[in-house]
Amino acid sequence: MATRAAAEVHTAVPPLSPERQVTWPKRTRARLANGLEVVLAESHTIPKFHGELFLRSGNAAAVHRGPGLAEMTATVVRTGTAKRLSRQIEEDLRRLGADLSSHAGADNSAIGFAGLSELSEPLLQLVSELARDAAFPEAEFERERRQKLEEVKLDRTQPGFLAGERLRRVLFGAHPYAQVAPTEEQVAAYKRDDLLSVYREFYTPENALLLMVGDFDSAAMLNTIEKVFGSWSGNKPAIPPSPEPAKPRGRHVHLVHVPGAVQAQILAGCHAITRKHPDWIKLGLTNSLYGGAFNSRLVMNIREDKGYTYSPRSGVNPLRQYGYFSVSAAVRNDVVAASLTEMFYELDKLRALPVPEPELADARNYVSGVFSLGLATQDGLLSQLATVALNDLPDDYLETYRERVRALTPGDLLSTARKYFDSANMQIVVVGDRTQIEPQAALFGDLDVYDAHGKHLS
Amino acid sequence: MHLKIPIENTTLANGLKVVIAPDISAPVATVGVYYKIGFRLEPQGRSGFAHLFEHMMFQGSANAPKMQHIKLINSSGGTLNGSTHYDVTNYFESVPSNALERVLWLEADRMRALKVDDENLSNQRDVVKEEVRVNVLNQPYGGFPWLNLPPIAFRNWANAHNFYGDFADLDAASLADVQSFFKTYYAPNNAVLLILGDVKSDEGLSLAKKYFGDIPAGATPPFADPREPDQSEERRGEVEEKFGTLPAMAIGYTVPQRRTTDWHAMTLLDQALHGGRAGRTYRHLVLEKQIAVEVDGGIDDIFGYNGPTQMVTKILHKPEFSSDTTLTEFDSVIREIQQNGITQDELDQLKVKFRSDYYTTLEGGRGGMPRYGLMHLLACFSLFDNEPQLVNTILEGFLAVKREDVQGVAKKYLRNDKRAIVFRRPVNASLPAGAGAKEAA
Numbered sequence: 001m002a003t004r005a006a007a008e009v010h011t012a013v014p015p016l017s018p019e020r021q022v023t024w025p026k027r028t029r030a031r032l033a034n035g036l037e038v039v040l041a042e043s044h045t046i047p048k049f050h051g052e053l054f055l056r057s058g059n060a061a062a063v064h065r066g067p068g069l070a071e072m073t074a075t076v077v078r079t080g081t082a083k084r085l086s087r088q089i090e091e092d093l094r095r096l097g098a099d100l101s102s103h104a105g106a107d108n109s110a111i112g113f114a115g116l117s118e119l120s121e122p123l124l125q126l127v128s129e130l131a132r133d134a135a136f137p138e139a140e141f142e143r144e145r146r147q148k149l150e151e152v153k154l155d156r157t158q159p160g161f162l163a164g165e166r167l168r169r170v171l172f173g174a175h176p177y178a179q180v181a182p183t184e185e186q187v188a189a190y191k192r193d194d195l196l197s198v199y200r201e202f203y204t205p206e207n208a209l210l211l212m213v214g215d216f217d218s219a220a221m222l223n224t225i226e227k228v229f230g231s232w233s234g235n236k237p238a239i240p241p242s243p244e245p246a247k248p249r250g251r252h253v254h255l256v257h258v259p260g261a262v263q264a265q266i267l268a269g270c271h272a273i274t275r276k277h278p279d280w281i282k283l284g285l286t287n288s289l290y291g292g293a294f295n296s297r298l299v300m301n302i303r304e305d306k307g308y309t310y311s312p313r314s315g316v317n318p319l320r321q322y323g324y325f326s327v328s329a330a331v332r333n334d335v336v337a338a339s340l341t342e343m344f345y346e347l348d349k350l351r352a353l354p355v356p357e358p359e360l361a362d363a364r365n366y367v368s369g370v371f372s373l374g375l376a377t378q379d380g381l382l383s384q385l386a387t388v389a390l391n392d393l394p395d396d397y398l399e400t401y402r403e404r405v406r407a408l409t410p411g412d413l414l415s416t417a418r419k420y421f422d423s424a425n426m427q428i429v430v431v432g433d434r435t436q437i438e439p440q441a442a443l444f445g446d447l448d449v450y451d452a453h454g455k456h457l458s
Numbered sequence: 001m002h003l004k005i006p007i008e009n010t011t012l013a014n015g016l017k018v019v020i021a022p023d024i025s026a027p028v029a030t031v032g033v034y035y036k037i038g039f040r041l042e043p044q045g046r047s048g049f050a051h052l053f054e055h056m057m058f059q060g061s062a063n064a065p066k067m068q069h070i071k072l073i074n075s076s077g078g079t080l081n082g083s084t085h086y087d088v089t090n091y092f093e094s095v096p097s098n099a100l101e102r103v104l105w106l107e108a109d110r111m112r113a114l115k116v117d118d119e120n121l122s123n124q125r126d127v128v129k130e131e132v133r134v135n136v137l138n139q140p141y142g143g144f145p146w147l148n149l150p151p152i153a154f155r156n157w158a159n160a161h162n163f164y165g166d167f168a169d170l171d172a173a174s175l176a177d178v179q180s181f182f183k184t185y186y187a188p189n190n191a192v193l194l195i196l197g198d199v200k201s202d203e204g205l206s207l208a209k210k211y212f213g214d215i216p217a218g219a220t221p222p223f224a225d226p227r228e229p230d231q232s233e234e235r236r237g238e239v240e241e242k243f244g245t246l247p248a249m250a251i252g253y254t255v256p257q258r259r260t261t262d263w264h265a266m267t268l269l270d271q272a273l274h275g276g277r278a279g280r281t282y283r284h285l286v287l288e289k290q291i292a293v294e295v296d297g298g299i300d301d302i303f304g305y306n307g308p309t310q311m312v313t314k315i316l317h318k319p320e321f322s323s324d325t326t327l328t329e330f331d332s333v334i335r336e337i338q339q340n341g342i343t344q345d346e347l348d349q350l351k352v353k354f355r356s357d358y359y360t361t362l363e364g365g366r367g368g369m370p371r372y373g374l375m376h377l378l379a380c381f382s383l384f385d386n387e388p389q390l391v392n393t394i395l396e397g398f399l400a401v402k403r404e405d406v407q408g409v410a411k412k413y414l415r416n417d418k419r420a421i422v423f424r425r426p427v428n429a430s431l432p433a434g435a436g437a438k439e440a441a
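Residue numbers (the working numbering), protein chains in the order written: chain A, 1 to 458; chain B, 1 to 441.
You can take every hint at face value.
Derived lysine to aspartate or glutamate pairs resembling EDC-like cross-links, with alpha carbons at most 16 Å apart:
id	chain 1	residue 1	chain 2	residue 2
1	B	Lys289	A	Glu144
2	B	Lys318	A	Glu184
3	B	Lys66	A	Glu304
Label pairs and their in silico Cβ distance ranges:
id	chain 1	residue 1	chain 2	residue 2	range
4	A	Ala337	B	Asp166	25 to 31 Å
5	A	Gly260	B	Asp230	36 to 42 Å
6	B	Arg366	A	Ala139	35 to 41 Å
7	A	Gly260	B	Gly15	46 to 52 Å
8	B	Asn135	A	Pro394	36 to 42 Å
9	A	Ala220	B	Asn386	42 to 48 Å
10	B	Arg366	A	Asn391	23 to 29 Å
11	B	Gly397	A	Asn223	37 to 43 Å
12	A	Ala220	B	Thr184	52 to 58 Å
13	B	Asn135	A	Tyr345	23 to 29 Å
14	B	Asn386	A	Val13	32 to 38 Å
15	B	Arg366	A	Pro122	26 to 32 Å
16	A	Gly260	B	Ser201	53 to 59 Å
17	A	Asp334	B	Ala217	43 to 49 Å
Hints were generated in silico from the structure; no laboratory data involved. Even for Gly, the Cβ is constructed at its ideal location relative to N, Cα and C.
With these hints in hand, go ahead and build the complete structure from the sequences.
Structure, rendered in structure tokens:
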């Protein structure tokens with residue numbers, strides 16, 4: 001023991017002092033005549049604001065035209081409008097001290113932005129221009145398409161990406177959620193007209209939600225928004241029907257072969273629930289105990305006790321229509337079987353035995369405490385408000401969240417683990433060099449082997 | 001541009017610097033302890049040790065055995081982490097403010113007496129090796145360019161070695177090394193304690209005294225000289241890319257000494273060259289010439305280093321263009337700014353953006369830790385400059401930069417004989433026909 005003190009020291013852990021009330025900021029909610037939904041919250045930490053214009057349709061709703069087409073549309077949106085060329089857009093953003101990103105996930109497209117409070121109106125005007133008058137210049141589209149081709153090749157050299165892509169395929173089958181990125185051939189087939197169709201359908205005020213958090217006066221900001229976005233028009237797009245997802249039964253192992261890999265990326269998952277489901281908070285807390293926090297059972301076991309991995313974690317992934325639970329770790333090649341054994345041991349233990357009350361109390365405190373840390377930054381608060389608004393959760397969701405977490409009992413967790421930690425039907429993806437890991441992986445179920453491009457090898 | 005962030009600072013009798021930045025707008029506190037030792041000055045033959053040691057600081061102290069630290073913070077509703085940088089190593093927590101005293105107790109306990117054994121060391125050595133694999137050895141472009149460029153660019157071991165650690169050096173590290181590193185560098189007189197958020201200044205200061213005041217000072221640590229000999233010709237090197245599909249290169253120019261006029265100008269020059277899609281390198285190589293797929297870079301953490309560092313441009317380019325063609329086009333961007341400088345309009349844009357980014361840094365969440373950025377700046381300005389109040393005034397130097405200053409540093413520092421280049425070449429690039437022959441349009 002390296003000690004530098006002989007003097008008297010404080011040996012006992014200081015108790016927590018009385019909690020100060022968490023006060024969530026007042027939200028201003030409005031719906032403009034054109035259907036645009038607006039949520040504003042003031043946060044005066046710095047003289048800036050953060051915002052996001054969501055369109056409630058993403059890659060899943062565009063899949064019939066082409067996988068990843070909503071993402072490609074979002075990318076090209078920032079490259080030109082009726083009034084500004086690409087270079088001017090980028091320079092204007094810098095002139096406004098602003099950052100902007102346009103992107104799309106499975107369920108939503110979005111234009112995210114942040115800028116100086118003193119320059120908020122011109123930034124909103126630019127965001128509005130991108131949402132309403134994007135020009136999709138032919139040359140810009142062609143460049144971004146070629147760029148995307150190289151990106152999708154690169155994606156498939158990353159173990160984390162390959163694991164996630166394979167798990168989604170396995171869990172969702174024919175449902176659009178199965179495809180997290182396009183293939184090279186699909187990108188090569190993108191047409192500018194397809195992007196225009198997606199843009200016209202998705203980027204409408206009836207399909208949009210504008211969220212802003214920052215250093216502004218809400219009433220004045222609402223007036224500015226009305227002025228900038230009030231004349232935008234367009235209807236809600238029809239939602240195309242999706243096939244039912246695969247619901248694979250029985251444990252199965254899916255090995256993605258990466259020759260020369262010096263580590264194995266494990267990702268195992270099963271179907272769970274969406275953000276709107278009444279069990280969501282219970283599952284969140286159960287996950288936190290399992291592998292969702294540093295102080296969780298899985299991290300203690302395979303990192304702090306056994307040293308198999310640096311970065312074990314588990315989480316619940318809520319897509320709009322379906323959610324899934326997953327657990328991951330990048331481990332040494334020679335401990336793939338040992339790591340999977342411990343992952344399942346900890347899952348099954350939560351299904352079998354009630355969590356001791358002191359451990360549950362710690363987890364409740366963790367989940368409710370870190371929730372309120374989100375209050376202290378503009379982008380933290382923005383992401384909390386986005387969760388509430390995009391999932392149509394009740395207005396008092398933020399205010400009541402902590403109480404609801406604190407009311408949970410060992411019995412709640414036991415029943416939640418039994419329902420959603422579907423250990424018997426977990427799909428196990430392992431990305432690595434098959435010559436190093438295949439025999440270990442094969443111990444956990446029927447095994448299929450793929451290459452990085454999804455070709456079935458055996 | 002004078003900010004008015006309230007800051008109190010003092011130095012305790014044992015040499016520990018203390019900085020309090022009260023802000024009661026949310027019932028949340030962030031605490032940091034920064035030690036003035038990073039991987040630059042770790043012992044020779046022990047590459048990677050500063051970072052391995054950082055892991056050991058979570059393995060137990062006199063009154064908080066292994067896992068207690070993490071358990072106590074998590075169960076108080078908080079998050080924690082640590083990170084190793086070139087010249088500092090930090091430990092930090094964000095918690096609901098009713099746990100503030102508990103956090104200070106924990107940080108003081110491990111500053112006073114680390115209590116770890118061989119089993120802990122062996123465990124964390126394994127964990128760190130998996131960290132290196134997941135971030136470097138098993139990733140496309142892992143460690144590029146932050147681990148690839150220094151051995152080519154620098155001659156002084158301090159600046160040039162493998163900061164994550166050669167596995168043989170990690171294996172050779174012993175418990176005696178851990179104890180001696182702790183005794184040498186982890187003394188209160190080589191550290192700063194920061195308390196930000198929901199705390200009153202006088203309360204913060206008295207808690208700092210209560211928990212840290214009786215930790216005895218150590219001897220002033222010996223610091224190796226990190227200076228570099230003069231460079232007189234371009235330096236180049238190559239590294240194999242095992243997984244990625246695109247050829248890559250990184251070009252680094254050594255940056256002027258911090259807090260000089262040249263440094264302010266160089267920082268804005270960096271913004272002109274990098275700074276996203278409006279930056280000159282991205283615009284030329286990606287948007288106009290369409291040679292590159294990715295271009296980014298700059299001076300990493302401009303306030304957070306205290307020795308030789310570089311402004312680095314990282315380029316991933318299409319395989320149909322050769323490295324020479326790509327470099328020639330990069331050089332044309334540099335030559336253009338050297339010959340013609342930048343316009344007043346461009347300089348004005350850069351300043352607005354720099355100021356806006358600075359605010360974001362101050363508020364800065366890192367993994368959900370409010371005010372991480374303010375904490376980091378206060379810590380670096382305390383340890384390197386003994387002047388935490390610089391957070392309120394440092395912007396002025398950047399906002400005073402003139403066009404001729406930017407052109408001046410471009411000519412003075414962006415010289416071929418002062419730069420280093422590393423090429424990262426894919427072993428299995430799928431080259432199309434006529435590969436490498438294409439000239440820039």
